[in-house]
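*Asks:* Next come the chains, spelled out residue by residue.
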Amino acid sequence: MSLARVANVVGLLQVFVSLSMFVAAGVAFVYGDGDALGILLAGAVTFFVGGFTYALTMFEGELTPREGFAIVTMAWTAAAAFGALPYLFTGALGSPIAAFFEAMSGFTTTGATIFAEIEVLPHGVLFWRSLTQWLGGMGIIVLVIAVLPYLGVGGMQLFKAEVPGPTPERLRPRITQTAKLLWLVYVGLTAAETVLYLLGGMSLFDAVNHSFTTLASGGFSTRDASIASFDSPYIHWVTIVFMYLAGVNFALHFRAATGRPVYFRDHEWRFYTYIVVLAALAIAVVNLTSGSYSAVEPAVRHALFQATSITTTTGFVIADYELWVPGSQMVLFALFFVGGMAGSTGGGIKTMRLLLLVKQTAIELRKHLHPKAVLLIRVGDKTVKQEVLANVTGFVILYLLLCLAGAVVLGFLGMDPMTSIAASIATVGNVGPAFGDVGATDNYGWMSDPALVVLSFFMLVGRLEIYTVLLLFHPETWKARRSFH
Amino acid sequence: MKVLVLGAGEVGFHLAKRLSEENQDVVVIESDPERADFASQQLDVLTVVGNGASLPVLEKAGISNASMLLSVTSKDEVNLIASMAAKKFGVQHVVARISNPEYYGEGSVLSQEQMGIDLMINPERECARETFDLLRSEIATDVVPFADGRVHLVGLKVKEGAPVAGKTLAELAKDLHDHHYATVAIVRDGKTHIPRSDSKIHAGDQLYLLSPTAEIEDIAPLAGYKPSRLRRVMIAGGSAEGEYLAQILDTKGIECTILDRDRRRCLELADRLPHALVLHADATDLELLEMEGVAGIDGFVAATGSDETNLLSSLLAKTAGAQKVVSLVHKFEYLRLIPRVGVDASVSPRMSTVNAILRYVRRGHVVTVAELTSTDAETIEYRVDEESAIAGKMLREVHFPKDAVIGTILRGDEIILPRGDDRVLPGDDVIVFALPAAVSEVEQLFS
Chain H
1 MSLARVANVV
11 GLLQVFVSLS
21 MFVAAGVAFV
31 YGDGDALGIL
41 LAGAVTFFVG
51 GFTYALTMFE
61 GELTPREGFA
71 IVTMAWTAAA
81 AFGALPYLFT
91 GALGSPIAAF
101 FEAMSGFTTT
111 GATIFAEIEV
121 LPHGVLFWRS
131 LTQWLGGMGI
141 IVLVIAVLPY
151 LGVGGMQLFK
161 AEVPGPTPER
171 LRPRITQTAK
181 LLWLVYVGLT
191 AAETVLYLLG
201 GMSLFDAVNH
211 SFTTLASGGF
221 STRDASIASF
231 DSPYIHWVTI
241 VFMYLAGVNF
251 ALHFRAATGR
261 PVYFRDHEWR
271 FYTYIVVLAA
281 LAIAVVNLTS
291 GSYSAVEPAV
301 RHALFQATSI
311 TTTTGFVIAD
321 YELWVPGSQM
331 VLFALFFVGG
341 MAGSTGGGIK
351 TMRLLLLVKQ
361 TAIELRKHLH
371 PKAVLLIRVG
381 DKTVKQEVLA
391 NVTGFVILYL
401 LLCLAGAVVL
411 GFLGMDPMTS
421 IAASIATVGN
431 VGPAFGDVGA
441 TDNYGWMSDP
451 ALVVLSFFML
461 VGRLEIYTVL
471 LLFHPETWKA
481 RRSFH
Chain B
1 MKVLVLGAGE
11 VGFHLAKRLS
21 EENQDVVVIE
31 SDPERADFAS
41 QQLDVLTVVG
51 NGASLPVLEK
61 AGISNASMLL
71 SVTSKDEVNL
81 IASMAAKKFG
91 VQHVVARISN
101 PEYYGEGSVL
111 SQEQMGIDLM
121 INPERECARE
131 TFDLLRSEIA
141 TDVVPFADGR
151 VHLVGLKVKE
161 GAPVAGKTLA
171 ELAKDLHDHH
181 YATVAIVRDG
191 KTHIPRSDSK
201 IHAGDQLYLL
211 SPTAEIEDIA
221 PLAGYKPSRL
231 RRVMIAGGSA
241 EGEYLAQILD
251 TKGIECTILD
261 RDRRRCLELA
271 DRLPHALVLH
281 ADATDLELLE
291 MEGVAGIDGF
301 VAATGSDETN
311 LLSSLLAKTA
321 GAQKVVSLVH
331 KFEYLRLIPR
341 VGVDASVSPR
351 MSTVNAILRY
361 VRRGHVVTVA
371 ELTSTDAETI
381 EYRVDEESAI
391 AGKMLREVHF
401 PKDAVIGTIL
411 RGDEIILPRG
421 DDRVLPGDDV
431 IVFALPAAVS
441 EVEQLFS
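These protein sequences, in sequence, are chains H and B. The numbers in the working numbering rise by one with no breaks, and the one at position 224 of the first sequence is 224. The numbers in the working numbering rise by one with no breaks, and the one at position 206 of the second sequence is 206.
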C-alpha cells in the first residue's frame, strides 16, 4: 500500500468538496442570512488542506485493490470531517462531533439529524446540508471519475467500491463515460423534480433542496415537519414518484432515456416494485380497517409514501407512523432492511441481494428433492456466478451482525432496547428516522458523543457496503506483499 | 443429373447409394483414401480423393458441369467453403450439413444466400425434431410430416387383440368410413408388402398409414394402445440432440429432465435450459432414474454420444416402466436392432440428414420423401403438373407399378383417399409409397 498515492487522491477529492462549499457560500450570500462568511471560510480551509495534500504527494503507478478501498473509506471520512466545518464556522452547531455526525449523515444520505429545529437555520447551512446528500447520493468519487480521467484504470476499483450492489454495470467501455452518464441521468431527474415542485407552488429554495435529498434518497428537509409541512397531495405524490425512481437502478433510467424502457424486463425491478406496492397495500388496508384513517386517498397516499420512503432509505415523513397500529409499524420495520435496487442511490441491503437470497433458498429446497440436480440461479436470462452468491450471503450476514452489534453497543451507552435496535438499523441502512426515541418526529441531537461517533461509523459502513470499510480493519490489508527475490 | 457428394462418411455414403440407385451420376469426394476406396467398391459412383474445400479437387470432380452439390462432411467449415465455391461455379442446388448453430440463423456472419446454400441441414436438430414427433405420437415407430404437416405418415406395431387385427383392408375401410386413413404398407417378418384390399392385418405387423393430422390421435386405440398425452420427458445424455430436444420441449411447455455425466456439460445445459431440470448423473444409473420418476414417465430418450450406452439406458428405462422409449443411434447397422430388443423407436442424426436431403433432392416434382426405420421403402410426395404422364387419367387406367401405391391425394384443402375411378389433376399433391425397385417407374409417371 502506497500511502502517498492514497493521500494524493483523498486530497484531490477534498478539493472537490471545497468547491461545493463555495457553491453553498454563494447561495448563503444571495439569501444574506449572515452565514456566507463561515461557509466560505470552511471552503477555504478544505481547499488548502486538500490542495496541499494533493500537491505534496505524487500519483504514480497503478492503484491496487486495497489502495482503492483505503482511498474510498478515507475520502468519505475526510469529506465528513471537512463537511462539518460549515456547521461549526457558522455557529449552527457547537460540538465538533455533532457537526461530524450531521455531515456524515449528509454524505451517506442517511438523513438522521442533530437539529431539533430546522427552519431557524440560515439558508446557506440548509443548502449545504442538502448538497452533501446530493453529492453523496450518486457518489463523490463517481463524480470525480466522471470529471477527471486522471484515475485511469484504477477508477474501476474506486467505482466498484462506491457504487452500491453486488456487480456494478458498465454502460460504456470506459469507466469515465459510465460515470458521466450516471451523473447526467441523476442531474436530469433532479431538474425534473425541481420543476414539478415549482409547479406545485413550492418556493425555488425548497424545491431545489427537496429534489436534492429525494434523488439522493437522503431525506434531509428544510422544514421541521419534513414533507408533511407541505399540505399538498400533489407534492406528496411527486415526492413518492421520485423517491421510487431514486431507488431504481440508474442504468435502467439511462436505457429508458436512450429510448429503451426495459424496466419491465428487469427482474430486480419487478421484485423491488412488488415489495413497495405490496407493503403499501398491506399498510393501507390495515390502517383503514383499524380506523387510523377514514378516507381512502389519504390512507393510500400516506401508506405508499412511508413504504417508498423507508424502502428506498430516503427517510422523508408525512405521517407519524408511530401512531399507526402495530401491524403497519412492523411492515415498515421489515422494509428497513430492504433498500433500493443495486445501482440506485438507496441504501440498505439492496433488493438484488434479497432477490438472490430468496432464489438461493428456493434452490436449496429443490436440492432436497433432486440431490443430483445441477441448479443455477438466474436473474432474467443471466446466470449468477457462484462467487457472487457467496459474496451476497456473506454481505447479508455481516449486515445483520453489524445491526445487532450496533444495537448492543447503543444498549451499553444507555439507550432503551427499541431505540438501540431502531437507531442501529436506521443508520446502517442509511434511512434516518426509525422508531422509539429516534422515531418519525424525533432527532439524534440528544445522543451522547460516543453514540454519535458509533452511529457515524455505521452510516459510513452502510453507505460503502461494509466490505470496503471493514477491509481496512483486516490485518492483511496493511501487510506488505512479501517478495521472494 | 450430375451430383457431387462431399464426404463419404455414413451420410455421404448413404446418399450416394440412394442417388446412384436412382440412376443419377454421382461423384463422391473424400479425403480419406480408404473410405473413398470402400465407396468406389460398394457403389456405382466415381470417387475423387482429396479435400473438398480445395479448388483443384472440386474441378477434378467436375464441379463446372454438376447440377447439385451435397456437402455432408462432418466438418462445418469444409462444407461451407465447398458450398460457396459451388455457387461460383453455377451449381444449381447446394446443400450443406452444418452443425454449429453459430454458422446459420441470426448470429451468422453471412446469410444463407450469401453463402450460396439452398438448404442447410443441422443433423442434430433435425434428429431432435424427429424425436419430438415420435414422442408426441406415443405409439408410433415413425412419424413423418407431409404436405406442410397436413398429412402424417405413421408407422406402428399392431398389438395382440387390437381392433384392426385379423381384418382385411376392405373390412377396415367399411368400419372406418368416417376416417381418412390409407394403409400403405405392411411389414411382416422383415418384408415389406404393398397391401391390396384383400390383404389381412395380423397382430405383430408393422403398419404404415397415411393419416390426416387431425385424425392421428384416433389411430392408437385401433392398434390396441391406450391414448395418452405427453407431459413429462426424461433425456438421458446431454448431447447436442438432447439439448435441441429439450429446447423443443420447452417451447411446447413439456416438463423436461435432462442428465449428463459430465459436470461441466451440466452447468452449460443448466445455463442454456432455464426450465429444464438438469441432473449430474449417468444414463445407466437405474437407482437415480427411478428416484427421478422414470417409472410411468411419458417419454424417455437415450441421447448420449455412445450407441451402446443408449441401448442399455433405453432398456433400463423400458424395464423400469417408461411409457415410450426412444434411443439415439449413430451407427446405421444398429438401427435394425432396435425394434428387436424392445425399445419403442430409434432416431439417428445421420438418417435424419439423409432424409432431409433426399426430400430436397427430388424437389421440383417431389416435395417430401422419407426413409423409414424398419423398411427400405420410400414415401414420396409429388406435385403433379400439366406435363406429368399421370395427369388427368383415371387411376384404374394408369399402369401403376405393383410395388407402389398412391396413398393420398391433396387437392386444395381437400384430402382424398383415392379409388380406381379418381383422377389425378395438375396442381394436386400426391403421396406415393414405393419399394426401391418401383421408384424410378413411379417417377416417370409424375415427370
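Think of the hints as simulated: they come from the structure by calculation, not from any bench. A hint or two may mislead.
[Unchecked claim] With a cut-off of at most 35 Å between alpha-carbon atoms, the simulated DSBU-like pairs for lysine-lysine come out as follows: (1) B:K318 / H:K367; (2) B:K75 / H:K382; (3) B:K75 / H:K385; (4) B:K174 / B:K191.
*Asks:* Find the hints from earlier in the document that the structure breaks and name them by number, from lowest to highest.
*Replies:* none
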